[in-house]
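Engineer: Below are the chains, spelled out letter by letter.
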Amino acid sequence: MRLLLNSLDPEVAECPEELIVYGGTGKAARDRESAEGIRKELTQLKDDETLLIQSGKPVAVFPSHPFAPRVIMAGSLLVPSYSDYDTFSRLERRGLTAFGQTTASCWAYIGSQGVMEGTANTYGEVARRHFGGTLRGRWVLTAGLGGMGSAQPLGVEYNDGVVLAVEVDESKVDRRVRNSLCQMKAADLDEALFLVREAVGRKEARSVALVGNAAQVFRDLLKRGVTPDVVTDQTAAHDLLNGYVPAGISLPEAVKLRADAPEKYLDLSRRGIVEHVKAMMEFMHRGAVVFDYGNNIRHQAVAAGLPEAFEIPGFVSAYLRDYFCVGRGPFRWIALSGQPEDIYALDEFILAEFKDDEEITHWIHFAQERIPFQGLPARTCWLNLDQRLRLVQVITDLLRQGKLAAPLALTRDHMGSVASPWRETEKMPDGSDSIADWPVLGGLLNAISGASLVSIQQGGGVGVGYSLHTGMTVIVDASEISAKKAQQVTVSDVGLGIIRHADAGYTSAQRMSRQYGFHVD
Amino acid sequence: MDSFLGRMRQELAYNLTFGLEASVRELWEMVRRAGLQYPPSIVTVWEVSGAETLFRDRSELWKVSWRRELKKTFDSVLDNNAIHCFISDRALAVLFNNHDWGPGDDSSPLPELKRRIENLLALKFVVGVGRVYPDARQLGMSFHEARQTAERVRIVGGQDIGFFDAMSEGDDEPLLETEKLALKRAIQKNDRRETALVIQKIKEMLSDRLDNANLSGAKTVIFELLSVVSIASLESGRTLEELFPYFLEWITKLRLAKEVSDLHEMIASAGEKVLVLRNHDRSLEARMITRAKEFLENHLGEDLTLSDIAKRQFLSPCYFSRLFKQSTGQTVMEFLTALRMAKGKELLEKTNQPVSQVAGTVGYSDPNYFSRVFKRHFGMAPSEYRAKY
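Chains A and B supply the protein sequences, listed in that same order. The first sequence begins at 1 in full-length UniProt numbering and counts up one residue at a time. The second sequence begins at 1 in full-length UniProt numbering and counts up one residue at a time.
In isolation and in its complexed conformation, chain A is listed as follows (with noise of 0.2 Å):
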């Protein structure tokens, strides 16, 4: 129940009042009803029972078992051949089934810390691919600081690059400033681009946001004839009713325009995408570095009559698949105590058990001088296998010996467990991109290895229609079943993702399988 109102606390949510937690409209749970149905449900819940939650709302909680999770769910799911966004927009108006972005719904959100580092490593390999191992004296023009994009500017500055982030909602822009998350807001884009070069110059990390439409300023651009070293967006535009505006009107007459009339909003928001892909398009013809950062901008660009937007690579497949095929990924773990210092101890723990992986001691100082907590404290860190599971034993131990103030949730984002060709899953070897199986598999075998909740959704990050993915969280606390839960779940978990890109054709994930003896012969 922490996690559900931690997801809900005004610090974490982009919209509390709303139970819009991330992502445009990624909500938490369905209504103010269902999240109070919850709440209540959570509350009496037994050891030996099991809560379900359909989209959002509570139908029934079973009678199950210790080992069993304590709650499953699952999301936004449709019928294949009905699984497009009209069609789930229809229902969701009629109150049936809610859109729960990636960990929204099921509660493992925890700010913008959470896409932090994986923001900052596809950074730090974009600079590794193209400019010998670092940002300095180079900049990266990007645009959306909602919940997902308001990781960039720090991501950004971590490997000490300048970032101009365009962002239309004014309110977000103060609020990520206002939050040491991006360093100032530029009064025009004279300015801005004074601000990007003055730091170029002197190769300093700076961080400079914009209010403007994306589009427009990227045509601006082309037209002064300015080009970054990296252009790309994390604007909503999996979303193009509710979560895009589209360049020629304003924040407040798109909102009135998207209940006035959604038709004609969909249409200008679709020839506004073309226009703002061809920008990018332009700019990577004029020799930037351009990538999709898995906002499905690519696709909903081709679906409205620009087929070669898919020129511009996806990040995952450029940039981070090598972690994905040795089990690295974004692992988290949540204080339920609320005291920082236990996210504190587990840091000094991971600082002096991994020292000499220079990435994760990297991250966790400029986690601790830089990251504000944002709701429970929290720490993500990518970690392989046998990184989380000394963690575990870690967390078991500290607990038993008082040094915790509570117990923790552990829990990661969904890119190990998904099914998302336009993202994840984009370009595998076989050609099995859109090959849904895999978070299915992940879901049933976590709930089988201990998970406290399982949740199964669609449509995470790209839209409906475009991923299937699986949430997992399991609670670890003093006690010897938790500790055998926590263990075998974050083999489970991480092992699925090994032999999923084993599968899929990749050597080192196959040499991973076999060491951990995943591989069927």
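Think of the hints as simulated: they come from the structure by calculation, not from any bench. If you're wondering where the values come from, they're calculated on a predicted model, not measured in any experiment. Among the hints, erroneous ones may be present.
In the DSS-like style, the derived pairs of lysine-lysine whose C-alpha atoms are separated by at most 30 Å in a straight line are [stated by the list, open to error]:
#	chain 1	residue 1	chain 2	residue 2
1	A	K256	B	K203
2	A	K256	B	K184
3	B	K325	B	K343
4	A	K185	B	K114
5	B	K343	A	K185
6	B	K114	B	K63
7	B	K325	A	K223
8	A	K203	A	K223
9	B	K293	A	K203
10	A	K185	A	K203
11	A	K203	B	K375
12	B	K258	B	K201
Start from chain A and add chain B according to the hints.
Structural biologist: For chain B alone, kept in the frame of chain A given last:
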């Protein structure tokens, strides 16, 4: 409270108020050392009313003892999670965590605290309250907002606890952000027609609101308008000395206004003032550029950025850069480089300083870079130049 804890709390209050703490973890450790459950999230500024009279003819010893008494009273009245520090002889910053308050401004403990403190000290205070910042490293912003609000409350009068939020956002927003920006830009662009149009629009917008507002609210509206005019005028080259008579006149009129209708006239005259201010003296820009050139000549040995130079002129870097180029035909950095080269040449001719020292004297920490720039300017390396001349 023991003295160690007291020192820790005061140190934390200073660090947060003046934005000195950058690391999330170190901040948390300071919070714990200060015996707090969680960091503060909001700054309030408490200024003693009528301090001029109170401090008149008082000895330094009296002031020290008075401050001690003030501190002791605040310590005794504030709850364990609030911390405070002096920000001047007669004002304190008090930092709270708004989690300790209920929802909305009405539920804040400030009125009750103020009443108790005033009773204990037999003094009156004006209190400005900044906005909530969940990241305590940003509390310097909350402090600036609180100070600005306290000042506004002191000038405008009426209520004696002012909330920055209430004065700048929502339904009670004195001027809309868009109109403020439009007015500021029109003044900066020296566009008389646009300035007149924006002023006219603001007058129309405010007309109904003023009629429906109470005197204190209406004064806040006018104060906001005058602040925009003043800041834009400063940023477009006028000096504080030049603007001071206008400030004084406006503040006096604001103080003396007894009815809302008195303020209508002020809007009209503020509009005229804007135009007069901008139309007043084109040579202001020339004077500002002259000042900037003088500054560069006197500081050419320092590691200067455009931001540093612009800040000295109270201008945004972007605007300053544009103005400098318009006036001189050179960018600021081209001008500075030319100055440095001329000085470098002079030192090479007139002194025996080694080239590396000359480079340092004219602001280049890297002698090789100095040599390259020198060669680009004069067609020969510094050592060649010295040998030749």
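Engineer: Now tell me if each hint is right for this structure.
Structural biologist: Verification of the supplied hints:
1. For the given pair, A:K256 sits about 27 Å from B:K203 by alpha-carbon distance, which is consistent with the 30 Å threshold.
2. Taking the CA atoms of A:K256 and B:K184, the gap is near 29 Å; set against the 30 Å cutoff, the hint holds.
3. In summary, the hint linking B:K325 to B:K343 is supported, as the alpha carbons are separated by about 22 Å, within the 30 Å threshold.
4. Taking the CA atoms of A:K185 and B:K114, the gap is near 36 Å; set against the 30 Å cutoff, the hint is violated.
5. Proposed proximity of B:K343 and A:K185 is contradicted: the alpha carbons are some 37 Å apart, above 30 Å.
6. The hinted pair formed by B:K114 and B:K63 meets the criterion: a straight-line CA distance of about 21 Å does not exceed 30 Å.
7. Annotation: proposed proximity of B:K325 to A:K223 holds, straight-line Cα distance about 22 Å (limit 30 Å).
8. For the hint linking A:K203 to A:K223, the alpha-carbon distance of about 26 Å falls within 30 Å, and the restraint holds.
9. Taking the CA atoms of B:K293 and A:K203, the gap is near 27 Å; set against the 30 Å cutoff, the hint holds.
10. For the hint linking A:K185 to A:K203, the alpha-carbon distance of about 19 Å falls within 30 Å, and the restraint holds.
11. Proposed proximity of A:K203 and B:K375 is supported: the alpha carbons are some 24 Å apart, at most 30 Å.
12. For the hint pairing B:K258 with B:K201, the CA-to-CA distance comes to about 25 Å; that is within 30 Å, so the pair holds.
Hints 4 and 5 from the list above are not met by this structure, while the remaining hints are.
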